[in-house]
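When you get a sec, could you build the whole thing from the sequences and use the hints?
There are 2 protein chains.
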Amino acid sequence: MKTIRMSIIGFGAVGQGVAKVLIDKKDYLESIGLDFKVVAIADSRTAVVDLNGVDLTAAISRKSAEGTVGSEKTTGLEIIETIDHELVVETTPTNIVTGGAGLHNMLMAFKHGRDVVTSNKGPLAMKYGELMETSNASGSVFRFEATVGGAMPVLNLARDVLAGNKITNVEGIFNGTCNYILTRMMEEHAPYGQMLAEAQELGYAETDPTYDVEGIDTACKLVILANCVFGMNATHEDVTITGITKITPEALLLAQNDGYVIKLIGEVNDSRINVAPKLVPIDHPLAVGGSLNVASVQTDLSGPITVTGRGAGSIETASAILSDMISIYRE
Amino acid sequence: MKTIRMSIIGFGAVGQGVAKVLIDKKDYLESIGLDFKVVAIADSRTAVVDLNGVDLTAAISRKSAEGTVGSEKTTGLEIIETIDHELVVETTPTNIVTGGAGLHNMLMAFKHGRDVVTSNKGPLAMKYGELMETSNASGSVFRFEATVGGAMPVLNLARDVLAGNKITNVEGIFNGTCNYILTRMMEEHAPYGQMLAEAQELGYAETDPTYDVEGIDTACKLVILANCVFGMNATHEDVTITGITKITPEALLLAQNDGYVIKLIGEVNDSRINVAPKLVPIDHPLAVGGSLNVASVQTDLSGPITVTGRGAGSIETASAILSDMISIYRE
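Protein chains in written order, with the UniProt record's numbering: chain A, 1 to 331; chain B, 1 to 331.
Derived from the structure by calculation, the hints contain no laboratory data. Do not rely on the hints blindly, as some may be mistaken.
Since the list can't tell identical chains apart, any single copy or any two copies may satisfy a pair.
Subject to a maximum C-alpha distance of 27 angstroms in a straight line, what follows is the list of computed DSS-like cross-link-like pairs (lysine-lysine) [stated by the list, open to error]: (1) K37 - K278; (2) K37 - K166; (3) K26 - K37; (4) K2 - K166; (5) K20 - K127; (6) K166 - K20; (7) K246 - K26.
All values derive from a computational prediction rather than experimental measurement.
See below:
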C-alpha cells in the first residue's frame, strides 16, 4: 500500500466532491494499492489540519452546517508551504483576470516539490508557461483533466489513449450552459432571453451569464488545450470569440430544415484558437443536445475521435480529479 | 532507448498497416525512448526473419508485388515458438468458430512469456478465460484495444481514463457496415436490399454480409467487453442477437418523424448481453451517422461518457495496436 499525503485547497462544491469520492472509493483505491490520506483542508476563511488524516465525513458536515471547514485560521497557501505532503488538490474558484489564489497555491506547491491536480482553469489560462516550467524544474507532476469539460476526458484521451497519433485539430462544445440554451431554443422555437431565463431558474446559468454565453469560459478551455495539446504558450487574449446572444429561433429553424443544428463551437489547431456559433449536421458526432460537452480530436492515424460527457457537476468534476490522482500514483 | 524485438503474425491489411505505422512513426517512437525492432513477419504461407530488423518497406513491397511476404516456409506459430522476442503483434483473420490460428499463436506467445497485442476478435470471443489465465501465469501483457471498434478507443478509455469509476453499462454501435446501411436507408428512403448493394459496391460490406448484418460481429465485440470490463467469462453464444435485415424504410421514416433514428445497438452489463435495432433520439450522442462506431460507457461518478470513431480501416486499426504497444513499454 502506498500512502499519499494530500491537501484539498478550496472546499466548495468540487473540493467537497473530492472528499465524498475519497470516502466512497476508499475500498477500491486500497484494492489498487493507494491510500490517499488528507492531512489538511482549507476553504477561503478557515482550515482543518490533522497529520493522522482529516475525518472527511465530519469536514463535509461542518462545512454544510457552519459554512466553514475548520477552526484554524491557516490559509491554503500556508498549508502548502508548511505541511509536509505529496499532493495538492487545488479546487479554489477560477479567476481569469489574475489567476487568483490558485496561481500562488500551485506555484508554492511546485516550489516544495508537491504534485498538483486541479479543476481551476484560471491559472492555466493565464500562466501556463510559468506553471509548466516551475513544475518541471521541481519534478512535480501537474494534472488538470477537470479544467476542460469536467467529466469529459479530453486531455487524458489525447495524451494516453491516442498515444502515437499526431493531433491536428480539436473542436467541440465546451460549455454546457450555451448548449442547453441553444438546444432548448430549437426545441421550443423560443427566443434567447426566454431560454436563458429558464436555464437560470434551473441552475444551469449564473445570474450574470456573461462568462458562459459570451464564450469566455469556452475560450479558457481552448487556451488550455492549445497549450497542453499543441504546445503553444497562449492566453485567453489570443482567442477570437463570438458568443450566442445574437442567435435567433429563426436561424435555428432554417438550419434545422436543412438538417443542421447551431452550436457554440470552440476550435483549436496550430494556427488559430476560435469560439463561434457554427452549423453542425444533425447526425454529426458534435451534434449533441442538452447540457452535454463534446470534443472531437482530429488525428493523423485514427481520423476523428469524438468524446462526449457531462461538462460540469461536482461529482463529475471530482471524478476527473480522481482519475488524474490515480494516473499519477498507480504503479 | 529501449529496444523491443517483435513479430507481426498475419500480414493482410492490418499487419501491413502496423508495418506502415512503424515506418512513419519511427522518429516519434524514438523521441519517447522506444525502438520497436521487427525480427519476423509471417503471412499464411511464408515468412521473413531477420534478427537485425526486417526491412519493413521491402516487406510491404514484396507482399504487394508477389502476394507473399518472404521466401521462408516457417509458420507464424514456429516463429513465436523459436525466435527470441518480446512482443507478438497478432493480426491473423478472425475465426469465431474455432478461434483459428490466432488462438494457438497467442497461447504459444504466452507460454514463452511474450507480450501480445492483437486486432483478432476470434480468440477473445471464444476463449477469453483461457487466454487471460495463460497470460497471467507467464506474466505476459495482453492488449486488444483494436478488437473492439478499431480506432474508437473504448477498452483503454474504460481502463485508464475512467480509472476510479465503476462501469455499470456499455452500449453502442459497434459495426460500421450496419450503421452505413441504416443511415443510407433513412437518407434515401430506400429498402434494405438496395442500400446493402450500395454498401457492397463501395466496399463497406462483404459479398456475404451475414457476419455484419445479422449482428454477429457486434456480438463478438460485446463478448470482449463483457469479459474485459465486467469480468464475465462469456462467449458469443451468451448473446441475444437480432440483426438489421428486417428494418424497413417506413419504420425509419416513422421514427424520424418522432425525432428518432434506428440503430443496431449492442448493450452489455452485469445481467445481459444483447444486440438489437433500437430507437435513439436524434440529438443523443449514440445517434451518429455514416459508418462510424460509437460506445457509451455508463459510470457511477462521471455519468455517461460516449466515444465515437472509425470502427475499421487498416491504418485506424494499426493505430489502436500502436497505442497498446506504447502503453505497454513506455516508462
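For this structure, which hints from the list above don't hold up? Hints 1, 5 and 7 not satisfied by this model.
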